[in-house]
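Engineer: In case you want the letters, here they are:
Number of protein chains: 2
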Amino acid sequence: MKNKVLEGIKDKATGVYKKILKKKTPELDMPLRSLSNVKYDEKEGYFELLGKKKERTLTVGTIKTFAQTLRMMSLSKDLIQQDDIASKREAYYISKNWKEAMFNAQPDSDSVMDDVEAMMMVNREQLGFIPEEKGGEIAGQLIVIDQDTETKKELRIDCTKFGSGAYSIPTSVEHLKFETNAKFILAIETAGMFQRLVKHKYWKKANCILISMGGVPTRACRRFIRRLADTKKLPVYVFTDGDPYGYGSIYRTLKVGSGNAAHINKYFCVPQARFLGVTPQDIVDYKLPTHPLKEVDLKKIKDLLKNDPFILHHKEWQKALKQMYEMKARAEQQALAKWGLNYVLEKYLPNKIKHPEKFLP
Amino acid sequence: MKNKVLEGIKDKATGVYKKILKKKTPELDMPLRSLSNVKYDEKEGYFELLGKKKERTLTVGTIKTFAQTLRMMSLSKDLIQQDDIASKREAYYISKNWKEAMFNAQPDSDSVMDDVEAMMMVNREQLGFIPEEKGGEIAGQLIVIDQDTETKKELRIDCTKFGSGAYSIPTSVEHLKFETNAKFILAIETAGMFQRLVKHKYWKKANCILISMGGVPTRACRRFIRRLADTKKLPVYVFTDGDPYGYGSIYRTLKVGSGNAAHINKYFCVPQARFLGVTPQDIVDYKLPTHPLKEVDLKKIKDLLKNDPFILHHKEWQKALKQMYEMKARAEQQALAKWGLNYVLEKYLPNKIKHPEKFLP
Chain S
6 MKNKVLEGIK
16 DKATGVYKKI
26 LKKKTPELDM
36 PLRSLSNVKY
46 DEKEGYFELL
56 GKKKERTLTV
66 GTIKTFAQTL
76 RMMSLSKDLI
86 QQDDIASKRE
96 AYYISKNWKE
106 AMFNAQPDSD
116 SVMDDVEAMM
126 MVNREQLGFI
136 PEEKGGEIAG
146 QLIVIDQDTE
156 TKKELRIDCT
166 KFGSGAYSIP
176 TSVEHLKFET
186 NAKFILAIET
196 AGMFQRLVKH
206 KYWKKANCIL
216 ISMGGVPTRA
226 CRRFIRRLAD
236 TKKLPVYVFT
246 DGDPYGYGSI
256 YRTLKVGSGN
266 AAHINKYFCV
276 PQARFLGVTP
286 QDIVDYKLPT
296 HPLKEVDLKK
306 IKDLLKNDPF
316 ILHHKEWQKA
326 LKQMYEMKAR
336 AEQQALAKWG
346 LNYVLEKYLP
356 NKIKHPEKFL
366 P
Chain V
6 MKNKVLEGIK
16 DKATGVYKKI
26 LKKKTPELDM
36 PLRSLSNVKY
46 DEKEGYFELL
56 GKKKERTLTV
66 GTIKTFAQTL
76 RMMSLSKDLI
86 QQDDIASKRE
96 AYYISKNWKE
106 AMFNAQPDSD
116 SVMDDVEAMM
126 MVNREQLGFI
136 PEEKGGEIAG
146 QLIVIDQDTE
156 TKKELRIDCT
166 KFGSGAYSIP
176 TSVEHLKFET
186 NAKFILAIET
196 AGMFQRLVKH
206 KYWKKANCIL
216 ISMGGVPTRA
226 CRRFIRRLAD
236 TKKLPVYVFT
246 DGDPYGYGSI
256 YRTLKVGSGN
266 AAHINKYFCV
276 PQARFLGVTP
286 QDIVDYKLPT
296 HPLKEVDLKK
306 IKDLLKNDPF
316 ILHHKEWQKA
326 LKQMYEMKAR
336 AEQQALAKWG
346 LNYVLEKYLP
356 NKIKHPEKFL
366 P
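Listed in order, the protein sequences are those of chains S and V. Remember, this note's numbering sits 5 above the position in the first sequence when you count from 1. Remember, this note's numbering sits 5 above the position in the second sequence when you count from 1.
Certain hints may be false.
Where chains are identical, the list cannot tell them apart; a pair therefore holds if satisfied intra-copy or between any two copies.
As a list, the in silico DSS-like pairs of lysine-lysine whose alpha-carbon atoms are at most 27 Å apart [unchecked claim]: (1) 7 x 206; (2) 357 x 343; (3) 210 x 363; (4) 188 x 57; (5) 320 x 59.
Hints are computed from structural coordinates only; laboratory data are not their basis. Since the structure is predicted, the reported quantities are computational estimates derived from the model, not experimental observations.
Generate coordinates for the entire structure from the input sequences, incorporating the hints supplied.
Structural biologist: Here's what the structure looks like:
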């Protein structure tokens with residue numbers, strides 16, 4: 006994989022170099038990154054790029070960005086060869102030594118990094134660039150196989166052995182391998198709910214892997230779930246609050262990705278994800294205490310119903326969102342505590358997991 | 006410890022019960038939780054409560070809150086006895102079965118929980134209540150000793166064995182024990198910098214424990230550092246961005262706590278913390294790339310200089326903040342990457358750590 010990326014970078018650079026030798030104008034092309042260049046295909050499972058491209062030809066006007074793009078490619082090459090990493094912030098500061106090709110603000114360097122990512126058709130972690138934020142904790146029936154960065158010795162990390170703590174997902178997960186006999190992955194919105202399930206070792210009773218997303222999952226968390234689910238052929242069940250944010254932001258982003266990052270959804274989406282709860286129907290069935298929807302929630306539901314290709318594709322989601330709109334109420338996953346603190350793991354989850362076919366798509 | 010809390014709850018409740026039997030008006034008293042009831046004592050090391058108390062006497066007007074306070078104490082008693090936990094959110098939902106003593110909104114139940122916490126003079130984790138949010142990752146020369154929640158068997162979690170990943174701190178850390186030969190704890194603001202130090206096993210070279218705070222540290226993260234530093238007599242060095250937020254919010258909160266939670270600062274402050282960098286003088290000495298201070302940053306500096314008892318106590322901090330105010334510039338910890346990606350661990354940190362006496366207090 007690493008070698009393929011290295012070769013890709015060298016190919017692109019050689020192309021530019023040869024054009025220059027022939028006294029022709031060099032150019033770099035990359036897919037256009039915008040919602041207008043995206044479609045949703047259920048079989049593929051994510052927002053997919055259409056064919057539109059943008060071309061960066063060397064002219065007086067583009068010379069700085071052109072040079073910056075080449076330097077960014079070169080930085081990536083160095084990172085891969087030296088087995089090092091750079092965060093987006095660090096890449097920006099490194100450019101301070103690129104003389105005239107220096108970036109003046111981080112959004113500019115981020116954007117060129119996105120271009121290189123799209124150009125090489127890989128995710129930026131494969132280019133040696135890591136995200137700034139951490140996020141995602143694991144507990145349960147899983148052994149993560151990493152290696153000691155110094156000795157390259159294999160490290161086996163047993164996620165059943167963390168007590169009340171958990172394994173924290175690194176910012177780049179491309180190199181990890183997995184061993185597991187678990188039956189499914191349960192991805193959980195809140196840290197509080199995760200801690201309850203860990204405290205009572207729900208992962209043992211249900212033979213599963215618990216993942217705390219802590220709100221909208223980070224890139225590393227999404228990629229981790231995707232790679233784990235793919236390589237081990239595991240279903241992914243998602244357990245969020247019953248509200249438009251849980252459905253339209255957390256779940257939808259995990260499952261199919263987002264519009265403005267279409268060139269990487271392929272790597273970060275989790276098409277096998279299915280929505281376990283809390284559904285609007287759960288609010289009725291389990292007589293959950295609710296909070297009234299605010300104006301902004303109602304607007305979000307309308308937006309999703311009108312503009313989101315994923316929702317437009319799935320009648321079940323349209324029905325659920327309309328039901329919530331009419332109820333004008335939302336419920337948090339902790340609302341199940343009304344029936345006792347451990348109702349969630351003694352009744353709600355076991356009942357639900359008997360019928361994955363009833364989960365929202 | 007657990008038994009002491011249980012006895013405290015029983016004592017208070019028995020007091021109320023006896024008064025009622027004697028047909029007298031029962032009352033509950035607790036420390037007043039506000040900045041007006043706080044002082045900063047460097048020797049103690051945290052914002053400390055003065056003696057002011059508030060009393061909750063049973064009257065027609067207070068009957069609901071009085072009942073809720075007793076029910077909350079009773080919930081805490083159950084949690085401790087059953088070795089269970091409840092998040093603030095869950096405690097709120099449980100109250101939905103308290104009939105007339107039900108809370109109508111979570112801020113009300115949070116506030117009563119704070120009252121009980123202050124009344125018992127413990128932190129709420131000791132009452133069985135856990136915070137909603139997770140946060141804080143560890144890598145390096147540390148073995149955390151937890152226990153299997155089911156079998157009660159000891160679990161030894163070796164934080165040198167996680168490769169590129171890390172140990173994620175649980176939401177409650179009261180029960181953890183530690184083994185270490187490390188020389189210091191390095192608490193780091195950003196996940197990106199933490200990941201760099203982990204990638205290059207800085208903890209091995211420097212014989213230390215790395216902790217990623219991810220911005221302002223959570224309660225669990227602060228308490229973890231405090232307990233670890235206390236029991237193992239370790240110095241704590243703090244490495245944040247060079248900006249008013251890093252100084253006044255992240256570092257100050259870690260070291261002495263915050264004003265509106267004065268009754269618990271005793272448990273959550275880390276008086277042994279010292280500020281390693283990035284200082285305003287570092288920006289000069291290391292010729293770091295900067296960003297201009299915004300209006301809100303300048304205002305924050307003025308506020309700190311005028312109103313913060315911690316800053317008012319320390320001339321060195323006043324000097325540093327004034328220096329930054331005059332430079333009108335801030336620098337991120339990644340700015341050191343200007344001198345090479347690993348300059349931070351090959352030069353900056355080793356140079357600094359030779360002279361802890363020069364750290365800001």
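Engineer: First find the shortest C-alpha distance between residue 357 and residue 343 inside one copy, then the shortest across copies, and answer within, between, both or neither for a cut-off of 27 Å.
Structural biologist: within (18 Å within a copy, 53 Å between copies)
Engineer: Treating 27 Å as the Cα threshold, decide for residue 7 and residue 206: within, between, both or neither.
Structural biologist: between (38 Å within a copy, 22 Å between copies)
Engineer: Could you place residue 188 and residue 57 in one of the four classes (within, between, both, neither) given a Cα distance threshold of 27 Å?
Structural biologist: neither (40 Å within a copy, 56 Å between copies)
Engineer: What label fits residue 210 with residue 363 when the C-alpha limit is 27 Å: within, between, both, or neither?
Structural biologist: within (22 Å within a copy, 53 Å between copies)
Engineer: From the Cα coordinates, with 27 Å as the cut-off, is the pair residue 320 and residue 59 best called within, between, both, or neither?
Structural biologist: neither (35 Å within a copy, 56 Å between copies)
Checked against the numbered hints above, the structure violates hints 4, 5; every other hint is satisfied.
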